[in-house]
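Engineer: Protein chains in written order, with the numbering used here: chain E, 1 to 476; chain A, 477 to 952.
Worth flagging that the hints you see were computed from the coordinates, not collected in a lab. Keep in mind that the hints are not guaranteed to be accurate.
Covered stretches of chain A, as calculated for chain E (at least 3 residues, CB under 8 Å) [said to hold, decoys possible]: (1) 605–613; (2) 654–665; (3) 676–690.
Cβ coordinates follow ideal geometry from the N, Cα and C atoms, glycine included.
Number of protein chains: 2
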Amino acid sequence: MAQRRTGTASLLKLLGQWHQDLPRTPVYRQLADGLRLLILDGRLPLESRLPGERELASALGLSRTTVATALAQLRDEGYLLSRHGSGSIAVLPEGTGPVSALPGFTPVLDLSTAALSAGPEIHRAYTHALMALPEHLNSTGYDQHGLPELREVIARRYVERGLPTSAEQIMVVNGAVSGFGLILRLLTGPGDRVVIDHPTYPMALAAIKGASCRPVAVSLPETGWDTDGLSATIAQTSPRLAYLLPDFHNPTGRCMDARTRATVAEIAARTHTAIVVDETMVDLWFDAPAPAPLAAYDRADKIITLGSAGKSFWGGLRLGWIRASSRTIASLIQVRGAMDLGTPVLEQLAAISLFKEADTFLPERRAILRQRRDACGEAIKELFPDWRITQAEGGLSWWVELPKPLASAFAAGAEAIGIRIGAGPRFGTEGSFERYLRLPFSLESTAMRSALERLQPLWQHLAQTGNVSVRGGAVV
Amino acid sequence: MAQRRTGTASLLKLLGQWHQDLPRTPVYRQLADGLRLLILDGRLPLESRLPGERELASALGLSRTTVATALAQLRDEGYLLSRHGSGSIAVLPEGTGPVSALPGFTPVLDLSTAALSAGPEIHRAYTHALMALPEHLNSTGYDQHGLPELREVIARRYVERGLPTSAEQIMVVNGAVSGFGLILRLLTGPGDRVVIDHPTYPMALAAIKGASCRPVAVSLPETGWDTDGLSATIAQTSPRLAYLLPDFHNPTGRCMDARTRATVAEIAARTHTAIVVDETMVDLWFDAPAPAPLAAYDRADKIITLGSAGKSFWGGLRLGWIRASSRTIASLIQVRGAMDLGTPVLEQLAAISLFKEADTFLPERRAILRQRRDACGEAIKELFPDWRITQAEGGLSWWVELPKPLASAFAAGAEAIGIRIGAGPRFGTEGSFERYLRLPFSLESTAMRSALERLQPLWQHLAQTGNVSVRGGAVV
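Let the hints inform the model, and build the full structure from the sequences given.
Structural biologist: And the structure:
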């Protein structure tokens, strides 16, 4: 197949701080580690062609032998394919899915995904759904808008949160990521700019790049949001839209306060910029629920809200929704056929049932998560005293600050002992956040502690000596 | 929100033969009808800005008053929004989803979708799925590859059709359209060319354009496929991939013979061009099953096959799959996160059950369709003696050839009496196929005949007098 090409400048930006002063880890190995992580994370487009050895060596300021050795190692491991005259193609080793392991270390413990398993309400909901199914079987089943009853219950939840909403303003989609893809399809074209929080949710970043748009980062300050920065960035770059995660932010777990929401809505109105608000985590609060939805401050029909059943209910129930003006919803429905032909009827029926009992099971889900968050926080403080964590107000993960920019090296070592973790650069553009990790606290506390205990010697070796050799699943 | 712009040249191409010699239909009405259909079909991007009145009038060779009157009518109907200084924006009237009607004529009878309702096997399958669900609830439920057991049964069906396939070569997706979007995301970038049959499946065309790629049409001859044309087009345009519908072609219902399959596979290998084969209709044959899959002739790992449960089982079960080399599958899984986070677990469990009993209920489904095809064909011959139809070998619809290029005018009139039909131009690029309609025969025969009887006077008036005035749901 014809190949796309990743340019040298792009590759350098993606690699970021790949090279550390680690005397016992050869430079070629560090380069190979950096490239492998880019491929595993999906940040380096698969099936794309890398720059040639000579070009790469010159751009990286390395000898051609060093680059050739690194590429040879990746070829041996199955991450690169060589084609006569066409250089190296980024691929995954045969049989490597995103949650499988390097050869010999299955199954991987996947700490790169933050989500809970299902509660008893899920089976109950599908049972109700099956009882309601027969009246829908006498149709073709294609449903691009969503069942009216489901749109009603979703609208009602917005009303309860202080945001008047009708069923016409709701569209049911196959999850928040899928909904965001649809919004990008409607409102953007190749080369358009999309403003993001920085760090942000990796799949949103992937969706923006996948739509051939350019993410424009507004850095999050120590706490809260930088609305001056948002306003200035919008003024300078004229983005098509901005994507924000106010309730709760992924990966930092922070919550946007009411005053900031009002300011963001005012910026959207003043600059005529659409803002996509992803509320996937909104039900997962610990101390207090989030303020009224950002869209409640919208006076100019600029805010499009994304919701998801994946975290509140279960990830195996693939359903999300979009809230916008009924005109925007009608336009989204019209473009949807180019992406998918609707949301499964049974999933929708199950979601109706879950929304109806949400207020009985969500408190319990929050209590479980709060306990896991606290236990995981204690374990981090005990096992990794040099890591810095800030209390998450909601969501499913810690955003860990490391004392040194070693996130990619650590993630590469963790991968080799069968644990996949989200290195900071997955959450940013151009290789930033090398001093950060996202650690989910959604895993049951004992399992999480055991994973952290396995990671501890790896971190110690890495931080002290730069040696991250792993053999037979153990750090040596 | 910032607006994209549809250029004058693009709009003219989309409009195609909008202007007929219809003495009793004013030109402004014909122009409004043409534009409305483009908006309703999704061929004119929603939220995009139209050229200005003056520019449009000059390009169309019309007076500015005529253009202004047409645009004013569309504005009154809710299909255009005017913004001070920024011209007209294409929108849908509030509350207009793709299957709702013009105000006052609900519900629309939707003959633009070709699909069957569910058989009793669907409820049975979900019941089995619910029994199998508990063992999956102790996971996060996110599944980008597909349940191993489902991939096994899908692989087995390919083996039975003469194509050796392992479960690693299968990936479960949210329908064939969604799978095609994923393939486009992996293999193409903006501006790349994608070769298509012409006519072709409108959603595939929408997916190609939505990925900012350029469709390059290879016209279908009277029968079969034009492999010389395919070969020459690939040589001349160096496309990223080609999208073909050999079993069975949508909208024509034809089936590619074994020799042509071998030739197409040889062209793919020789030109190093990936070919996406959409087999959505493969189970819906009438006289004989399709030959071995096109991929069975593949000697160069160039053929990617798409399958779907939407037509064989039920459209409300949103599930499809991709068959490719395990390396390509691994790459597709990696890019998937930018588009959706997986296929619902319960849908997958239901699909396992359906595949296991497919050979018992599919013959009955085919028998129902064969009977409906024949009844619908008889009704067409009787009520529309000047239409030409060619026997469909499989699939769900007739590709009707009209004696005059009146498809868009006819579809506009049908819309006004509450019947949505797929005018030929939906199935092609740049306004072609004005002499064609796609009529599904999936509707129950009595209902279909009654729809055709309602359409008959409309056609007669249109063909004879050019008068398609509709008042109160009746042709006047």
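Engineer: Which of the listed hints are not met by the structure?
Structural biologist: none
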